[in-house]
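Asker: Sequence:
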Amino acid sequence: MGYEVYPIPEQSSYACEECDKVFNSKIRLKYHSYEHSNAWPYQCKECGKCFGCKFLLKRHMTKHSDERPHECVICQLSFKLKSGLSTHMNMHDEQKSFRCKKCDKIFASKSYLKGHLAKHSDKRPHECNVCQLSFKFKQSLNLHMNVHDEQSPFRCEQCNRICFPKSHLKVHMRKHSH
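First residue of the sequence shown? That's 2 in this note's numbering, and the numbers climb one at a time after it.
A few of these clues could be false.
Straight-line Cα separation of at most 30 angstroms, DSBU-like style, residue types lysine-lysine; simulated pairs [claimed, not checked]:
#1 137 <-> 115
#2 46 <-> 59
#3 124 <-> 106
#4 137 <-> 106
#5 81 <-> 111
#6 64 <-> 27
What follows is a list of derived Cβ distance ranges for each label pair [to be verified]:
#7 159 <-> 24: 37 to 47 angstroms
#8 131 <-> 175: 21 to 31 angstroms
#9 51 <-> 94: 36 to 46 angstroms
#10 24 <-> 178: 44 to 54 angstroms
#11 178 <-> 107: 41 to 51 angstroms
#12 133 <-> 36: 18 to 28 angstroms
#13 172 <-> 27: 37 to 47 angstroms
#14 71 <-> 168: 21 to 31 angstroms
Hints in this document: simulated from the structure, not taken from any laboratory.
Glycine included, C-beta positions come from ideal geometry on N, C-alpha and C.
I would like the entire structure built from these sequences, with the hints used as guidance.
Answerer: What follows is the structure in C-alpha coordinates.
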(Lines of atoms letter the chains of each structure in order from A and count residues from 1; the text may use other names and numbers.)
(Lines give C-alpha, C1' and ligand atoms only; values in the text may rest on other atoms or scores of the structure.)
Protein backbone atom coordinates (compact mmCIF):
# COMPACT_ATOMS: atom_id res chain seq x y z
CA MET A 1 0.00 0.00 0.00
CA GLY A 2 2.01 2.92 -1.20
CA TYR A 3 0.75 6.44 -0.95
CA GLU A 4 2.40 9.79 -0.73
CA VAL A 5 1.72 12.40 1.92
CA TYR A 6 2.22 16.02 0.94
CA PRO A 7 2.48 18.68 3.63
CA ILE A 8 -0.12 21.41 3.50
CA PRO A 9 1.82 24.54 2.57
CA GLU A 10 1.79 27.07 5.37
CA GLN A 11 1.02 30.66 4.54
CA SER A 12 4.34 32.38 3.88
CA SER A 13 3.49 35.89 5.04
CA TYR A 14 1.28 37.41 7.71
CA ALA A 15 0.38 41.09 7.65
CA CYS A 16 -0.44 43.17 10.70
CA GLU A 17 -3.88 44.72 10.28
CA GLU A 18 -2.88 47.77 12.33
CA CYS A 19 0.32 48.88 10.61
CA ASP A 20 0.76 46.64 7.53
CA LYS A 21 4.10 45.19 8.67
CA VAL A 22 4.56 41.70 7.23
CA PHE A 23 5.96 38.69 9.10
CA ASN A 24 7.02 35.23 7.94
CA SER A 25 5.23 33.33 10.72
CA LYS A 26 2.07 33.52 12.80
CA ILE A 27 4.05 33.60 16.04
CA ARG A 28 6.10 36.63 14.94
CA LEU A 29 2.87 38.42 14.04
CA LYS A 30 1.48 37.51 17.47
CA TYR A 31 4.55 38.92 19.27
CA HIS A 32 4.34 42.07 17.13
CA SER A 33 0.67 42.52 18.07
CA TYR A 34 1.74 43.10 21.69
CA GLU A 35 3.36 46.35 20.53
CA HIS A 36 -0.06 47.68 19.54
CA SER A 37 -2.03 46.40 22.51
CA ASN A 38 0.75 46.91 25.07
CA ALA A 39 -0.54 43.71 26.68
CA TRP A 40 2.82 41.95 26.98
CA PRO A 41 2.52 38.64 28.83
CA TYR A 42 5.99 38.80 30.46
CA GLN A 43 7.65 41.77 32.18
CA CYS A 44 11.06 42.14 33.81
CA LYS A 45 10.70 43.03 37.49
CA GLU A 46 14.11 44.75 37.45
CA CYS A 47 13.69 47.26 34.63
CA GLY A 48 10.11 47.00 33.39
CA LYS A 49 10.98 45.81 29.86
CA CYS A 50 8.27 43.60 28.36
CA PHE A 51 8.47 40.44 26.28
CA GLY A 52 6.20 38.26 24.19
CA CYS A 53 7.57 34.94 25.42
CA LYS A 54 9.12 33.49 28.56
CA PHE A 55 12.35 32.50 26.78
CA LEU A 56 13.11 36.13 25.83
CA LEU A 57 12.46 37.33 29.38
CA LYS A 58 14.72 34.61 30.78
CA ARG A 59 17.50 35.54 28.32
CA HIS A 60 17.03 39.24 29.19
CA MET A 61 17.36 38.54 32.93
CA THR A 62 21.04 37.67 32.41
CA LYS A 63 21.61 41.42 31.85
CA HIS A 64 20.78 42.01 35.52
CA SER A 65 23.18 39.33 36.74
CA ASP A 66 26.96 39.49 37.14
CA GLU A 67 27.26 35.75 36.54
CA ARG A 68 29.33 34.81 33.45
CA PRO A 69 29.34 31.01 33.32
CA HIS A 70 30.56 30.56 29.71
CA GLU A 71 34.36 30.90 29.51
CA CYS A 72 36.63 30.94 26.46
CA VAL A 73 39.24 28.19 26.78
CA ILE A 74 41.72 30.25 24.72
CA CYS A 75 41.70 33.69 26.39
CA GLN A 76 39.57 33.08 29.53
CA LEU A 77 37.10 35.85 28.63
CA SER A 78 33.71 34.87 30.03
CA PHE A 79 30.15 35.49 28.83
CA LYS A 80 26.66 35.55 30.27
CA LEU A 81 25.19 33.68 27.31
CA LYS A 82 26.47 30.62 25.47
CA SER A 83 25.69 32.41 22.19
CA GLY A 84 28.05 35.21 23.24
CA LEU A 85 30.87 32.70 23.70
CA SER A 86 30.08 31.07 20.34
CA THR A 87 30.28 34.42 18.55
CA HIS A 88 33.46 35.34 20.46
CA MET A 89 35.18 32.13 19.33
CA ASN A 90 35.17 33.52 15.77
CA MET A 91 37.79 36.06 16.89
CA HIS A 92 40.25 33.23 17.45
CA ASP A 93 39.70 31.87 13.93
CA GLU A 94 41.32 34.05 11.25
CA GLN A 95 38.86 32.82 8.62
CA LYS A 96 35.76 33.58 10.71
CA SER A 97 36.85 36.92 12.17
CA PHE A 98 36.29 40.41 10.75
CA ARG A 99 39.08 43.01 10.79
CA CYS A 100 38.63 46.78 10.68
CA LYS A 101 40.70 48.19 7.79
CA LYS A 102 41.06 51.54 9.57
CA CYS A 103 42.44 50.45 12.96
CA ASP A 104 43.13 46.70 12.56
CA LYS A 105 40.78 45.77 15.43
CA ILE A 106 39.28 42.27 15.10
CA PHE A 107 35.57 41.50 15.54
CA ALA A 108 33.70 38.26 16.01
CA SER A 109 30.91 39.11 13.57
CA LYS A 110 30.23 41.28 10.55
CA SER A 111 27.53 43.18 12.45
CA TYR A 112 29.99 44.04 15.27
CA LEU A 113 32.46 45.34 12.67
CA LYS A 114 29.71 47.37 11.00
CA GLY A 115 28.78 48.95 14.34
CA HIS A 116 32.44 49.71 15.02
CA LEU A 117 32.92 51.40 11.62
CA ALA A 118 30.46 54.12 12.67
CA LYS A 119 33.07 55.24 15.21
CA HIS A 120 35.39 56.14 12.32
CA SER A 121 32.68 58.14 10.57
CA ASP A 122 31.25 61.61 11.12
CA LYS A 123 27.83 60.47 9.86
CA ARG A 124 24.96 60.63 12.34
CA PRO A 125 22.12 58.99 10.41
CA HIS A 126 19.71 58.41 13.32
CA GLU A 127 17.75 61.62 13.93
CA CYS A 128 15.25 62.31 16.72
CA ASN A 129 11.92 63.31 15.19
CA VAL A 130 11.13 65.47 18.24
CA CYS A 131 14.24 67.65 18.71
CA GLN A 132 16.29 66.81 15.58
CA LEU A 133 19.32 65.72 17.61
CA SER A 134 21.18 63.06 15.61
CA PHE A 135 23.17 60.00 16.65
CA LYS A 136 25.69 57.61 15.14
CA PHE A 137 23.91 54.60 16.57
CA LYS A 138 20.23 53.63 16.53
CA GLN A 139 20.58 52.35 20.10
CA SER A 140 21.70 55.82 21.22
CA LEU A 141 18.63 57.36 19.58
CA ASN A 142 16.38 54.80 21.26
CA LEU A 143 17.85 55.66 24.67
CA HIS A 144 17.54 59.38 23.92
CA MET A 145 13.81 59.04 23.12
CA ASN A 146 13.19 58.45 26.84
CA VAL A 147 13.99 62.14 27.37
CA HIS A 148 10.79 63.03 25.52
CA ASP A 149 8.61 60.45 27.32
CA GLU A 150 6.62 62.09 30.11
CA GLN A 151 5.64 58.64 31.37
CA SER A 152 9.24 57.44 31.59
CA PRO A 153 9.48 55.00 34.50
CA PHE A 154 13.05 56.11 35.21
CA ARG A 155 12.51 59.81 35.98
CA CYS A 156 14.11 61.31 39.10
CA GLU A 157 11.38 62.66 41.36
CA GLN A 158 13.73 65.28 42.85
CA CYS A 159 15.12 66.97 39.73
CA ASN A 160 13.06 65.47 36.85
CA ARG A 161 16.13 64.01 35.13
CA ILE A 162 15.41 60.96 33.00
CA CYS A 163 17.75 58.00 33.29
CA PHE A 164 17.88 54.83 31.29
CA PRO A 165 18.22 52.05 32.26
CA LYS A 166 16.88 51.87 35.80
CA SER A 167 20.36 51.19 37.19
CA HIS A 168 21.48 54.64 35.98
CA LEU A 169 18.65 56.24 37.95
CA LYS A 170 19.85 54.44 41.09
CA VAL A 171 23.36 55.84 40.57
CA HIS A 172 21.92 59.30 39.88
CA MET A 173 19.83 59.23 43.09
CA ARG A 174 23.03 58.93 45.16
CA LYS A 175 23.87 62.52 44.15
CA HIS A 176 20.78 63.76 46.00
CA SER A 177 21.66 61.92 49.21
CA HIS A 178 24.95 63.80 49.75
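Asker: So, for every hint listed, does it hold in this structure?
Answerer: Hint check:
no. : hint                            : in the structure
1   : 137 <-> 115                     : 12 angstroms, holds
2   : 46 <-> 59                       : 11 angstroms, holds
3   : 124 <-> 106                     : 20 angstroms, holds
4   : 137 <-> 106                     : 19 angstroms, holds
5   : 81 <-> 111                      : 21 angstroms, holds
6   : 64 <-> 27                       : 28 angstroms, holds
7   : 159 <-> 24: 37 to 47 angstroms  : 43 angstroms, holds
8   : 131 <-> 175: 21 to 31 angstroms : 29 angstroms, holds
9   : 51 <-> 94: 36 to 46 angstroms   : 37 angstroms, holds
10  : 24 <-> 178: 44 to 54 angstroms  : 47 angstroms, holds
11  : 178 <-> 107: 41 to 51 angstroms : 43 angstroms, holds
12  : 133 <-> 36: 18 to 28 angstroms  : 25 angstroms, holds
13  : 172 <-> 27: 37 to 47 angstroms  : 42 angstroms, holds
14  : 71 <-> 168: 21 to 31 angstroms  : 23 angstroms, holds
No hint from the list above goes unmet by this structure.
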